[in-house]
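Colleague: The listed protein sequences correspond, in order, to chains A and B.
In terms of my numbering, the first sequence opens at residue 19 and continues consecutively.
In terms of my numbering, the second sequence opens at residue 19 and continues consecutively.
Calculated from the structure, these hints are not laboratory results.
Some hints could be false.
Stated by the list, open to error - Distance windows between CB atoms, simulated: (1) A:G408 x B:S159: 28 to 38 Å; (2) A:A465 x B:H82: 47 to 57 Å; (3) B:K97 x A:L325: 53 to 63 Å; (4) A:G445 x B:V193: 50 to 60 Å; (5) A:G541 x B:N428: 43 to 53 Å; (6) A:G541 x B:E469: 47 to 57 Å; (7) B:G160 x A:M340: 48 to 58 Å; (8) A:L325 x B:E93: 45 to 55 Å; (9) A:G445 x B:P470: 26 to 36 Å; (10) A:H356 x B:A157: 30 to 40 Å; (11) A:R310 x B:G160: 51 to 61 Å; (12) A:G445 x B:E469: 49 to 59 Å; (13) B:E93 x A:G541: 45 to 55 Å.
In this text the structure is predicted, and so the values were computed from the model without any measurement.
Built from N, CA and C at the ideal position, the CB exists for glycine as well.
Number of protein chains: 2
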Amino acid sequence: MAATAALFIALAPSVQAVWPMPSEYHDGKIGVEIKRSGFMIKSNVTSSSVLNAAIERYQYLIEHEFFDSPYNFNEGALKTSGYIYSLQVDVQSAQDVLDLETDESYILEVPIEGKAALSAKTPFGAVRGLETFSQLIMANSGRKTIKNAPIRIVDAPKFTHRGILLDTSRNFYHVDSILRTLDAMSYNKLNVLHWHVVDAFSWPIESKVHPELTEKGTYSMDMRYSYQDVKKIINYAKNRAIRIMPEFNMPANTFVIGEAHPEIMSCLNKQPNWDKYAVEPPSGQLNIADPRAVSFAFDIITEYSRLFIDLGFHIGGNSINMDCWKEDPVIELYVRDHPGESVESLAVGWFMQMVGKLADMGKIPFLYEEPVLNFNYTSKNTTIMQAWVGEDSVGKLVDKGYRVIASPWNRYRLDCGHGSWLSNFEGSSWCDPYKGWQQIYSYDPLANITEPEKRKLVLGGEVALFSAQSDETTIDRYLWPRASAFAEIMWSGNFDPIMNATRDAAKVAPRLTDQRFRMVARGIMAEPLQPLWCIRYPEACAHPTAAS
Amino acid sequence: MAATAALFIALAPSVQAVWPMPSEYHDGKIGVEIKRSGFMIKSNVTSSSVLNAAIERYQYLIEHEFFDSPYNFNEGALKTSGYIYSLQVDVQSAQDVLDLETDESYILEVPIEGKAALSAKTPFGAVRGLETFSQLIMANSGRKTIKNAPIRIVDAPKFTHRGILLDTSRNFYHVDSILRTLDAMSYNKLNVLHWHVVDAFSWPIESKVHPELTEKGTYSMDMRYSYQDVKKIINYAKNRAIRIMPEFNMPANTFVIGEAHPEIMSCLNKQPNWDKYAVEPPSGQLNIADPRAVSFAFDIITEYSRLFIDLGFHIGGNSINMDCWKEDPVIELYVRDHPGESVESLAVGWFMQMVGKLADMGKIPFLYEEPVLNFNYTSKNTTIMQAWVGEDSVGKLVDKGYRVIASPWNRYRLDCGHGSWLSNFEGSSWCDPYKGWQQIYSYDPLANITEPEKRKLVLGGEVALFSAQSDETTIDRYLWPRASAFAEIMWSGNFDPIMNATRDAAKVAPRLTDQRFRMVARGIMAEPLQPLWCIRYPEACAHPTAAS
């Protein structure tokens with residue numbers, strides 16, 4: 019009975035509700051209040067438009083947000099001993115250069131009275147620190163307060179690539195939904211939107227070189243991104259320290275290209291037995307033996323390399339079906355007429371040409387794992403590989419010397435477990451079940467990689483939302499707060515240095531719930547994880563026989 | 019190749035996009051236009067407040083809605099031959115009595131010009147017909163048009179109880195979310211909101227008799243329903259021909275009562291080994307040997323029987339754990355001191371008393387199946403049983419002569435497949451996987467019940483949303499459009515009389531997608547079922563090896 023009774027004492031979180039957990043965190047015991055009128059964020063430079071925009075954004079947010087954690091439902095007035103009047107932001111460099119190496123570190127200090135201080139090497143580090151500062155503030159008895167001052171946070175991300183993959187081809191998302199997603203990413207210190215722009219289903223983006231793609235390939239006039247839309251998204255993202263990395267997935271998953279150019283396609287929409295040619299309908303792959311297909315792909319790379327200014331450019335390479343090509347008469351003939359060539363060698367040649375083209379355009383190529391792990395393609399060593407098939411692909415790729423983005427579907431694919439989208443199929447989705455936040459949080463992309471040099475090759479990871487059963491009505495709930503769980507793994511990991519152990523999920527859950535409620539208050543429709551009861555009695559919502 | 023090419027012709031739906039499919043539908047070949055200015059809905063009576071409210075609502079909706087089906091994305095201007103100037107609604111009775119026997123039939127006729135006509139026996143039938151009329155109208159080239167006039171629809175529901183169970187205890191829904199859900203129900207001709215008001219986690223409703231329940235048992239001051247809220251919800255529902263049937267689940271799933279009254283509870287929040295005493299934490303059941311518990315339950319029934327004016331009153335009875343009671347010292351002693359009594363007989367006695375009390379209050383009791391199927395409880399024959407454990411429970415209960423509501427969890431539980439809500443458990447939910455619309459649509463509650471007299475005992479069904487992982491941010495997505503799939507089964511079934519076969523899912527999916535888009539246009543954030551591509555090429559989104 020003593021154990022039971024103890025559970026009824028609401029447990030205070032052991033640290034402030036900052037999500038993701040900073041890498042180094044020191045706090046005190048004194049409550050402080052944010053001065054309501056006149057609280058100002060100031061900076062040492064005015065020439066960084068990223069920093070200026072961030073200060074304006076957080077000045078507004080701090081003035082208008084009045085968030086209280088559900089943790090504190092029965093808490094009285096916090097005793098405060100002084101006011102914080104301002105936050106001074108100092109950056110070492112005012113240069114707004116966001117790339118794969120950008121420094122995002124910062125140091126934040128909140129005293130027990132007076133001026134808080136944030137220092138960073140870059141404006142992007144300051145963006146991260148401003149977010150942390152905003153999360154320290156809780157509404158309490160009509161005031162805005164910070165618990166447990168003085169606070170000193172020394173913070174930097176564990177991984178440099180912390181991304182979300184968003185598929186806008188299976189179903190469409192209007193620009194507003196993408197901007198809102200970028201907001202949510204900044205609340206979780208994620209820094210890459212891997213924009214899976216096109217896929218087999220639709221071509222939702224303007225093309226000036228091949229306008230016929232958009233004409234034939236968008237779902238409706240209202241469902242396409244103009245150049246202006248893309249530029250707006252890139253700029254909005256940059257102000258939040260987020261890179262937009264586009265993907266134009268080739269040569270598989272390209273049925274939609276065949277709507278305009280059936281002449282360069284193999285196995286175009288084979289029906290009803292599409293399953294011999296593709297993992298899902300509609301089937302169709304660019305005809306890799308046709309020089310017109312190569313030339314077309316070069317056009318795509320050239321056009322969109324210019325529009326998307328990020329250094330990274332993803333050209334897909336996943337889910338290739340060899341039967342599709344083996345049964346294509348053009349390819350059959352080509353292989354017969356070219357001794358030494360095979361469908362496999364053609365595929366390898368395809369990727370060599372594409373990666374070469376990207377190098378010419380000054381881009382860093384990104385590829386899914388298959389060309390390297392299935393076709394013995396040896397990429398130029400600038401290529402960054404995305405491991406998505408299995409957790410062990412990460413290790414296989416770093417063993418071959420590649421830099422790797424970890425996104426194993428069994429942990430990081432957020433659209434799974436939603437039944438089949440095929441009209442007449444009552445079974446589950448191939449990637450069943452739903453990936454709970456617990457499975458995401460307990461996965462360490464560095465697992466089983468011991469050599470320090472190899473560990474450095476793991477740049478980070480991506481959670482993925484493929485959109486067969488998602489569109490703008492559901493995006494928030496598919497992504498959040500599970501992408502928040504991922505974000506903490508990417509930012510600081512799941513290891514508790516004080517406990518010298520992996521964090522106890524029963525303590526993580528209410529912190530994550532806090533973050534979820536803050537996101538909801540900021541307009542992100544993140545889904546609930548548990549009955550709200552569990553934030554009162556977190557230890558009581560654990561499974562007795564599950565691994566702790 | 020011929021088969022493939024044929025798929026590229028967008029397939030017109032075989033009937034208008036009315037959902038659920040009416041039971042009898044005749045149409046012609048002529049397009050008509052709704053007169054934009056001056057279109058009026060008139061009625062033969064003015065004394066029904068339900069009818070008046072419905073006419074006002076649909077007059078507004080028809081004026082303001084400008085919905086076009088994604089089916090018609092590339093369709094040109096519809097040729098129309100005349101205008102519809104008005105809709106004349108005639109009801110036989112103006113009495114607003116909504117109960118378990120209310121007639122919802124209607125006949126709707128749309129001519130090729132002039133006045134459309136809707137006739138119904140009751141105002142509630144008129145509500146159904148108005149919804150149908152609104153769905154016939156599609157935006158086309160800046161006009162509002164109806165295809166395929168003349169139309170004659172003779173319609174009535176197959177089942178009288180077509181419900182959604184909504185749990186407001188695990189997580190809270192503000193009144194607005196419930197009203198929006200009632201709107202969505204009316205768009206799908208559902209007629210019962212089974213309001214699972216309380217459960218183990220929170221007590222979100224005002225009690226005038228036991229205010230301590232709300233005081234100790236709500237999540238926050240902002241998360242409770244006042245008497246006024248409840249009355250508002252009941253009235254709003256009635257205007258949409260929907261009954262609000264409350265459930266006060268006892269004697270299990272009642273931990274929250276123990277927050278105020280631990281003295282009448284058994285096995286209250288056993289930790290950490292709650293799994294011996296309950297299917298999920300927190301454990302706790304009313305102590306059935308304690309007269310104070312019986313008296314408390316009578317108070318609850320009395321108070322809420324008056325507030326909720328519906329004839330139906332659900333008193334739960336599911337998920338009882340016998341160990342909880344067997345190990346309770348009060349119950350142990352009682353059984354020892356009362357020869358012939360057992361924990362089972364106490365449980366049977368409990369339900370006898372509760373059902374008796376409800377009869378005294380003039381209510382029709384509803385119970386989950388367990389008291390009858392697990393405890394050999396023989397209910398008074400007025401009781402309506404809810405079969406939720408297995409599909410075969412429906413047959414077992416009608417064999418015993420009970421009227422039954424079918425809600426087998428493996429078909430109708432909409433919250434499943436979302437991972438575990440327990441903090442530290444990486445496994446799936448017990449009711450995994452997610453129930454796709456296909457599984458819902460293919461289930462016939464009358465399956466394997468052949469005798470006509472027994473088939474009549476199946477009153478209908480309920481899909482259920484238990485809210486461990488849902489709240490108002492997710493309700494629309496969990497319910498819709500899967501509850502729409504259910505609604506068609508309840509309203510007219512999945513049998514196509516023209517094809518003389520169960521409907522082909524490849525033809526149902528785009529119709530359901532249409533209904534989903536209409537709901538989204540009306541503000542219900544229903545989730546997408548498929549890539550939008552599938553509404554263009556429905557036959558191409560079928561699984562080749564699945565049963566057709």
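Colleague: Would you mind marking each hint as holding or not holding in the structure?
Modeller: Here is what the structure says about each hint:
1. A:G408 x B:S159: 28 to 38 Å: At roughly 52 Å between Cβ atoms, B:S159 and A:G408 fall outside 28 to 38 Å, so the hint is violated.
2. A:A465 x B:H82: 47 to 57 Å: holds (56 Å)
3. B:K97 x A:L325: 53 to 63 Å: Check failed, 42 Å falls outside 53 to 63 Å.
4. A:G445 x B:V193: 50 to 60 Å: violated (39 Å)
5. A:G541 x B:N428: 43 to 53 Å: violated (36 Å)
6. A:G541 x B:E469: 47 to 57 Å: holds (56 Å)
7. B:G160 x A:M340: 48 to 58 Å: Holds, since B:G160 and A:M340 (Cβ atoms, about 50 Å apart) stay within the stated range.
8. A:L325 x B:E93: 45 to 55 Å: violated (32 Å)
9. A:G445 x B:P470: 26 to 36 Å: 34 Å Cβ-Cβ, so the 26 to 36 Å window holds.
10. A:H356 x B:A157: 30 to 40 Å: Since A:H356 and B:A157 have Cβ atoms about 56 Å apart, the given range 30 to 40 Å is violated.
11. A:R310 x B:G160: 51 to 61 Å: violated (42 Å)
12. A:G445 x B:E469: 49 to 59 Å: violated (33 Å)
13. B:E93 x A:G541: 45 to 55 Å: violated (36 Å)
Consistency note: the structure conflicts with the earlier hints numbered 1, 3, 4, 5, 8, 10, 11, 12 and 13.
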